[in-house]
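Student: Position chain P with the ligand relative to chain A; hints supplied.
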Amino acid sequence: MNSDLRELYQEVILDHSKAPRNFRFPEGANREAEGNNPLCGDNLTVKLILDGDTIVDIGFQGSGCAISQAAASTMTEMVKGMNVEDINKIFANYHDVVMGEGQIDEDLLGKLAVFAGVAEFPMRVKCATLAWHTMQHAIANDGEIVTTE
Amino acid sequence: MSDFDIEAIRAEFPALHQEVRGKKLVYLDSAATALKPKAVIEAVSQVYERDCGNIHRAVHLPSQRATQGYEGTRKQVQAFLGAEKSSEIIFTSGTTQSINMVAQCYGRPRLSAGDKVLITGLEHHSNIVPWQMVCEQTGAELVVAHIDDNGEVPLERIEQHLKAGGVRIVAFAHVSNALGSVLPAKEICALAKSHDAISVIDGAQAVPHMAPNVTDLGCDFYAFSGHKLYAPTGTGVLYGRFDVMNAMSPYQGGGDMIRSVTFEKTTYAELPNRLEAGTPNIAGVIGMGAALSYLQTLDWAAVQAHEEELFRYADEALREFKGLRRIGTAKHSMGVLSFFLDCAHPHDIGTIVDTEGVALRTGHHCAQPVMKAFGVPATARASLAFYNNRADIDALISSVRTVQEMFS
Ligand SMILES: Cc1ncc(COP(=O)(O)O)c(C=O)c1O
Chain A
1 MNSDLRELYQ
11 EVILDHSKAP
21 RNFRFPEGAN
31 REAEGNNPLC
41 GDNLTVKLIL
51 DGDTIVDIGF
61 QGSGCAISQA
71 AASTMTEMVK
81 GMNVEDINKI
91 FANYHDVVMG
101 EGQIDEDLLG
111 KLAVFAGVAE
121 FPMRVKCATL
131 AWHTMQHAIA
141 NDGEIVTTE
Chain P
1 MSDFDIEAIR
11 AEFPALHQEV
21 RGKKLVYLDS
31 AATALKPKAV
41 IEAVSQVYER
51 DCGNIHRAVH
61 LPSQRATQGY
71 EGTRKQVQAF
81 LGAEKSSEII
91 FTSGTTQSIN
101 MVAQCYGRPR
111 LSAGDKVLIT
121 GLEHHSNIVP
131 WQMVCEQTGA
141 ELVVAHIDDN
151 GEVPLERIEQ
161 HLKAGGVRIV
171 AFAHVSNALG
181 SVLPAKEICA
191 LAKSHDAISV
201 IDGAQAVPHM
211 APNVTDLGCD
221 FYAFSGHKLY
231 APTGTGVLYG
241 RFDVMNAMSP
251 YQGGGDMIRS
261 VTFEKTTYAE
271 LPNRLEAGTP
281 NIAGVIGMGA
291 ALSYLQTLDW
301 AAVQAHEEEL
311 FRYADEALRE
321 FKGLRRIGTA
331 KHSMGVLSFF
341 LDCAHPHDIG
351 TIVDTEGVAL
361 RTGHHCAQPV
371 MKAFGVPATA
381 RASLAFYNNR
391 ADIDALISSV
401 RTVQEMFS
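So the sequence lines, in the order shown, correspond to chains A and P.
For the first sequence, the numbering used here assigns the number 1 to the initial residue and increments by one for each residue that follows.
For the second sequence, the numbering used here assigns the number 1 to the initial residue and increments by one for each residue that follows.
With the rest of the complex left out, here is chain P:
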């Protein structure tokens, strides 16, 4: 891996170089939020130090620069996702808002009793609850394609629901945040399409590891969060295929989303502005642009090879660990390794490894139905980013051993 210099990459992430509780930080919680490279931190600072104007409004230079940065990011996201038009990219506060927007602006006016929304058994709460809400509002029914013992969603289960008829929307995670399973997104979108349903992909856990091509995937909507993509919190994206999104009603009314307003009648702006009412997270979006620029400087083939190698290394080490059960063993997995110890509750694991500097996530990962499917209240989850290395995994294993020693 000569073209992948892990030390040079780690040097770009200031948060990696700190001690917590007197130990070097071992950050294995990137699926919750990713660390930010210097370039992102500097870009955000520059907005507040220099380019501090509102966008789309004034003729003064700071406003122009902010507008250019903000709209420049839209073009970058378009390229990153392989979208046809930059107006298909809407900035949101995160995946959660993106999905709620589709549920309320696309789903709500179109769904009624007899219609169905299909999701899968491995969804994050943010790809469950918005659909439950819109079903309650419209009388539509929420149906679920369940996971198997490995944490995969067999295509046949999705097809079965589609064949049964009435499914208008298929919403699913590209990559599971609780299990790491990668879903066959392209095949699911094609199935949805052949049954006249639109497809909505929750890409929150996919984009940190791959550049999904929405045109190739054939999806109607694709949602992700900036903060998991090495960008600031409070930023997110909703991609929508132009025809579908253009027919959507506005999410919120307010400034920036109008063409003209009188007390009698308001006409709305074109996409994307129509769906971006109010002053957005300007600095955050500009930071997202910096994150995408930074990612472009990396050799992605090498990054992915490194991540895959590290995932295998971690997976093997965990599987060899006696008294530990890996949860989520889909053939195609990435980024996330969930596990459970026979002797200790995940919450205790989290606290104990934290005292060794290891940052893990423990709990239900906002995916309670997944926990239920595996019959556990919670799991411990290590999640990887390209800045992790083997030493991080070794530290994880050694700290989990400490837990086991304490409890056995």
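So that you can see chain A by itself, here it is in the shape it has in the complex:
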């Protein structure tokens, strides 16, 4: 098998896509947003509990490709208990990495570094970032439906 492909579909990603974590809406969520990727029909809703500027709990539901499901799953695992400022730092680096525009900061990304393989597949960047954009809209609580187009 092609090595770029192996990079893209690493065990972690396959695992999270087959058994997504936090695939539920937290009880008492006070923020939510919906995101769509019209190109491939990915669709997900993120709901979270924001206390001050800390995400106390977060979950998502929806359907989509392995990359978008795994991205949502790993994101929810990562950000639970974090404050918005730290989350933004992580997303900034994650975004650069999947776009192929920056180096991985291991300290920031941790497990999310497995998404670096996306950079070789420009058509899949939207899949890897949809959940993150959707979460940002939920935090901002602007009521917009996120679309990647």
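One thing to keep in mind: the hints can contain errors.
In silico BS3-like links for lysine-lysine, alpha-carbon gap of 27 Å or less [claimed, not checked]:
hint	chain 1	residue 1	chain 2	residue 2
1	A	K18	P	K75
2	P	K322	A	K18
3	P	K75	P	K38
4	A	K80	A	K111
5	P	K75	P	K85
6	P	K331	P	K163
Simulated from the structure, these hints should not be mistaken for lab results.
These figures come from a predicted structure and were not determined experimentally.
Tutor: Relative to the frame of chain A, chain P with the ligand by itself:
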């Protein structure tokens, strides 16, 4: 198939002979856009290298040659479609523009509250949205003859709507781009006619596989895209039966579509010029002429036999594939094979097979209502042209197997 030399045909399509991601390209996305034969590429080059003049305007030789090429293509399209007059052929930028033109220039001035536009459940967005827009503008209602589980549109469903009354326009795909179903176009046109409705056929997926005869079909309008017919992008055709199209208002105002202009009053040119304002895609249209000339050199009976055989071969291979579901199983299908894997999302299938050189389309194919009817967000779609061979299908099956292995 002695009169069908697949290798000789493949040699005419330069894009087939390349590697992508280190693998030989296996092009199974001709329904999105077809590859172009050398003859088309050369014809387009010749326009820019030699015959680079505007049409219908100057007396100099390059302009004359461009005009002859452009108008020559109109005659070729007329012959290809079996139209009575060449003035019934309008060049557009593609199927999308052709359909919008009918909706706005024929539909908009004639529709009002109480009227209906009938479409089917398998239409491409470009045969849905233009009608929705004109309905919104006029107060007419959009009604839909839905598909059955095989992806067919039973004639009775169309007849039911017509019998209910008020249908002024029936617009439908000749061949579905998402499912490959072939609709009984002649019967639908006859039904429409008997209920005083005009018929509009979206032929985008039909013309790459057959020469539809508009006179025999009895349709009022027939639309297709050049780029799916082995011709350049940005070209398309609207055929309109002369009486119907002649009564249509112009689409756009501008150069080439007038007889005389004063600040007080403008009189319009005759068909076809009236509906072709502005400088068109001259090189593209000339390229379309080259595509039609190229197609004429082929033995069509043999081409169709090859396509049918290949379609059956692919269909059987996909049906035998465990864990794979074929979507769109109309008795009469062509060109398009949609499928879905239990274990993997179509988007992942697309990426993975691409690394093996296999170009598939994955997504909703601009036919979201079709996806909804089958309860899937998207499908993977292999589409065939006469330059495909069994090795392409074998590569497809083997690459889909790779996907399955990864995800199970
Ligand atoms: C059935 C059908 N109708 C209409 C279209 C739109 O064609 P174009 O984008 O060339 O205008 C397509 C192309 O995908 C199609 O397959």
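Student: Confirm or reject each hint.
Tutor: Here is what the structure says about each hint:
no.	hint	result
1	A:K18 x P:K75	57 Å, violated
2	P:K322 x A:K18	19 Å, holds
3	P:K75 x P:K38	22 Å, holds
4	A:K80 x A:K111	14 Å, holds
5	P:K75 x P:K85	9 Å, holds
6	P:K331 x P:K163	26 Å, holds
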